[in-house]
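S.K.: Now for the letters of each chain:
Number of protein chains: 2
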Amino acid sequence: MKILILGADGYLGWPTAMNLAKKKNNVFLVDNFIKRKIEADNGISPLYHQTLPQEKIKIWNKMFPKNKIRFFNGDLLNYKFVYEILQKIKPDAIIHYAEQPSAPYSMQGRSEAIFTQKNNVLGTLNLIFGIKKFCSNAHILKLGTMGAYGQPNIDIEEGFIKINHKGRSDTLTYPKTPGSIYHLSKVHDSENLLFLTKLWKLKCTDLNQGVVYGLDTEESLLSKSFRTSFHYDHIFGTILNRFLTQAALGIPLTVYGSGNQVRSFLNINDTLQCINLALKNPPRAGEFKVRNQFTEIFSLNDLAEKVKNACEKIDLKVKIKKIKNPRVEKIKHYYNPTNKSFKEIGLKPIKLNDKFIIDSIHKIIESKKLIKTNTLNPTIKWRS
Amino acid sequence: MKILILGADGYLGWPTAMNLAKKKNNVFLVDNFIKRKIEADNGISPLYHQTLPQEKIKIWNKMFPKNKIRFFNGDLLNYKFVYEILQKIKPDAIIHYAEQPSAPYSMQGRSEAIFTQKNNVLGTLNLIFGIKKFCSNAHILKLGTMGAYGQPNIDIEEGFIKINHKGRSDTLTYPKTPGSIYHLSKVHDSENLLFLTKLWKLKCTDLNQGVVYGLDTEESLLSKSFRTSFHYDHIFGTILNRFLTQAALGIPLTVYGSGNQVRSFLNINDTLQCINLALKNPPRAGEFKVRNQFTEIFSLNDLAEKVKNACEKIDLKVKIKKIKNPRVEKIKHYYNPTNKSFKEIGLKPIKLNDKFIIDSIHKIIESKKLIKTNTLNPTIKWRS
Chain A
19 MKILILGADG
29 YLGWPTAMNL
39 AKKKNNVFLV
49 DNFIKRKIEA
59 DNGISPLYHQ
69 TLPQEKIKIW
79 NKMFPKNKIR
89 FFNGDLLNYK
99 FVYEILQKIK
109 PDAIIHYAEQ
119 PSAPYSMQGR
129 SEAIFTQKNN
139 VLGTLNLIFG
149 IKKFCSNAHI
159 LKLGTMGAYG
169 QPNIDIEEGF
179 IKINHKGRSD
189 TLTYPKTPGS
199 IYHLSKVHDS
209 ENLLFLTKLW
219 KLKCTDLNQG
229 VVYGLDTEES
239 LLSKSFRTSF
249 HYDHIFGTIL
259 NRFLTQAALG
269 IPLTVYGSGN
279 QVRSFLNIND
289 TLQCINLALK
299 NPPRAGEFKV
309 RNQFTEIFSL
319 NDLAEKVKNA
329 CEKIDLKVKI
339 KKIKNPRVEK
349 IKHYYNPTNK
359 SFKEIGLKPI
369 KLNDKFIIDS
379 IHKIIESKKL
389 IKTNTLNPTI
399 KWRS
Chain B
19 MKILILGADG
29 YLGWPTAMNL
39 AKKKNNVFLV
49 DNFIKRKIEA
59 DNGISPLYHQ
69 TLPQEKIKIW
79 NKMFPKNKIR
89 FFNGDLLNYK
99 FVYEILQKIK
109 PDAIIHYAEQ
119 PSAPYSMQGR
129 SEAIFTQKNN
139 VLGTLNLIFG
149 IKKFCSNAHI
159 LKLGTMGAYG
169 QPNIDIEEGF
179 IKINHKGRSD
189 TLTYPKTPGS
199 IYHLSKVHDS
209 ENLLFLTKLW
219 KLKCTDLNQG
229 VVYGLDTEES
239 LLSKSFRTSF
249 HYDHIFGTIL
259 NRFLTQAALG
269 IPLTVYGSGN
279 QVRSFLNIND
289 TLQCINLALK
299 NPPRAGEFKV
309 RNQFTEIFSL
319 NDLAEKVKNA
329 CEKIDLKVKI
339 KKIKNPRVEK
349 IKHYYNPTNK
359 SFKEIGLKPI
369 KLNDKFIIDS
379 IHKIIESKKL
389 IKTNTLNPTI
399 KWRS
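In the order they appear, the protein sequences are chains A and B. Using the working numbering, the letters of the first sequence correspond one by one to residues 19 to 402. Using the working numbering, the letters of the second sequence correspond one by one to residues 19 to 402.
Next comes chain A alone, as it looks inside the complex (with noise of 0.2 Å):
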C-alpha cells in the first residue's frame, strides 16, 4: 500500500512512518516542523534530541533499503503544495497526524487560538479537496481526540447516537462537549470531514484517540536517532508521560484539581495497532466511521497511585501532590466510553502495569539530565 503520513515528525508520526514501512507498505512523510517551533518558542523540549526526519529515513534507509521511506517538508495550509504531493504520489491511505496537538498550547492566547483553528481546520480542508481532486479512492485515518467528547452523563458512543425524543427518533451525531480551543478544532474538522465524506463518496476513518503514553516501539528501539518524541511539558506532555518523568526525577506526582477527572489511555504500541487494524478496515465509498481508540479508562488519582504503587517496588519513595487545575472541568463526573469498533476487529488490548511503568521509569532516569523541570507545572490556565 501507498501510505502517506502527516506530520511525520511527531509523537506518533515517526514510530507509525517506521512500523508501516517495515510491513513492506510504500511510506511518505510529510512534515512543516512547526511543532519544533512551538517547542522552541515556548522553551521545551522532547526527552530525546529528535533527529530530523530527512537524517532519520537515511538511516532507515540503509537499514532497509527493500522498505524506503520518503520525506517532503511542506504545510497543509499550502494547498499547492498539498495538491502536488498527492498528484504524485496518489495514496491509498493518507493518516492524518498534522494537527496542532495540544489544549494547553491553544489556550495561551488569541494568536496560539487562532492559530490551532486555522492549522487544523482549515490544514484539513486542503486536504479533503485535495483527495476528492487527485485520490479519492484514498482511505483517510484522521486522528481526532476522545477527549472531544467531554465529561457527558450519557455513555460515549463511537460518532453517532439515536437519540429517542417526543415520539420520534433519529441516529444524529454524537453531542460533544470540547473543553478546549483545541478540542474544538478536533469537532471542527470531523464535522468538516463527516459532511464531504459524504457529499463526495471519500473514505474517511476517524479515529478518536485516548491519551498515549510510552516511549518505545519495536522500531524506535533499533537506533537511538529513531527515539519517540516523547515530552514530559506542560504543553505537549501527556498525563502518564509526565508522571513517569516525575517519579524517575523523584518528585512529585502533580495531579491536576481533584483527580476524580477519568480519561481514556492506550500505549504508544496500540496506537500502531490500531492504526494497522483500521487500515486493513476501511470504510466503504461514502461512509464516515468512527471509531474511539483507547484500551483503558483511569481516573487522574487512579493513575497516580499505579505509578507510586509500582515504585515502591523498586524503593523509590514517590509523592502525590494536588495542585490547582489549570483547565475548567467537572471534579467529578460519570464516564463510560465505548471502543467496541476496535475489539470487533480484533484489537488486543496492552494492559498498564508495574513491570511497564517500572521499565519506563529507568529508561528516562538514563537521561534525567536532560529534563527541563522548569517546564513540567502549568502555566496556561484557562480562565486567566
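If a hint is listed, it holds; no wrong ones were tucked in.
You can't tell identical chains apart in this list, so a pair holds if it fits in one copy or across any two.
Here are the simulated DMTMM-like cross-link-like pairs (lysine to aspartate or glutamate), alpha carbons at most 25 Å apart as the crow flies:
1. K348 x E305
2. K136 x D93
3. K151 x D59
4. K339 x D320
5. K216 x E347
6. K41 x E362
7. K136 x E102
8. K331 x D234
9. K184 x D173
10. K358 x D188
The hints are simulated quantities; they were obtained by calculation from the structure and are not laboratory data.
Take the given structure of chain A and dock chain B to it, following the hints.
M.R.: Here is chain B on its own, set in the frame of chain A:
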C-alpha cells in the same frame, strides 16, 4: 445603548442600523465590503444600487441629527482593528452579521470554502477575544441559521436537547446536520462561542435565523439611498426573494428538486423585531442563549403556490418549474422546529400574505430593467 453592528453593509445590517438608531441607541457600524467584492467576482448585484455606508450615514445624520450613526471600515480577521474598535467604543451590545452568508458560494470550490470558514470562524474568534479583553459585559448577538439544524427526523429544539440514553440522561448541544461548508462554519462558530461564553462568563445570544424575505422596513423607505441589499441571484438570493423576482419578470418560479424541502421563514421586519426583543432580554453572564428566529414554515412547493396564487389576483400568470436540485438534501423529510423562546418574550409574527407578495412584485417590476436574469439559475453544484 451603545450598539456595534458588524457586517453593516448587508441585507440586514443597514436596516438594523437605522432601526436601532431611530430608537435612540448610539449605533456604530463595521464592514469590510467583502460581499461587494464577491458580487463583482461573480457578476451579480442586488436589485437596488447600494449607496456606500459612508454616504448613507451622511444622509441619515442630516435627517436625524440626534440619532447619528458612525461607520468604520475594517475586517474581523484583522484583530488589531477589532481590538481598537472595541476598546474605543466599549459597546453594550454587538450584533454580529459579519459572516459570509451564502451556502452556494461556500460550495463553489476550495478557495471559497476556505474563505468562508476562515472569515466566519476565525473572524468570530478574534471578536470573542476582543470582547473578553475590552468589554466582557457586552451582549453578543450572533446571527446563525436554522439551516444548520439540517433535516433531522426529530423535533428541532433551541440549541440544546435532553437525551435519554441507556438509562441515563443529559442535556447536550442539539446535534446539527449542516448541509454546506457555509452551514458548517455556522456550527463551528456557535460551538466556539458556547465554550468561550461559559468559560469567560460572557453574554451571548445565538440566533438561528430562518430564510429572510422582503424589501422594505419603515426606515428603508425614507430615502432611495436607504434601500436594502435585496438579492435575487443564485448566490445571495434567498428563495422567496427569488420567486418574487421571477414572478415580476413573468418567468417560471424555479423549485430545486422535489420541492418537498421544508424551511422556516420570516419577514425582514421580523428580523428587526427579533433583534429588538433579544436586545431587551440579554442572557446573564456565562449564559449562551439560543433562540430560533423564524415565524412560519413552508415547503418550497407551498411557497411557489402561494406566490402563484397571489399573482392570479393581479392577472399575472406564473408558472412553476422544477429544476434539478444543485444541493444535496433529503427529498422528503420531517420538519418541526420550535421558536418558543421568541414567543415567550413577545414575538408577534408578520404572516406572509397575498398583499405582501403583490406589493413586493409591484416594487420589483419598477426596477425590472436592472435585473440580471442570467444570474437567477444555479450554476454551483454540491457534487461537481
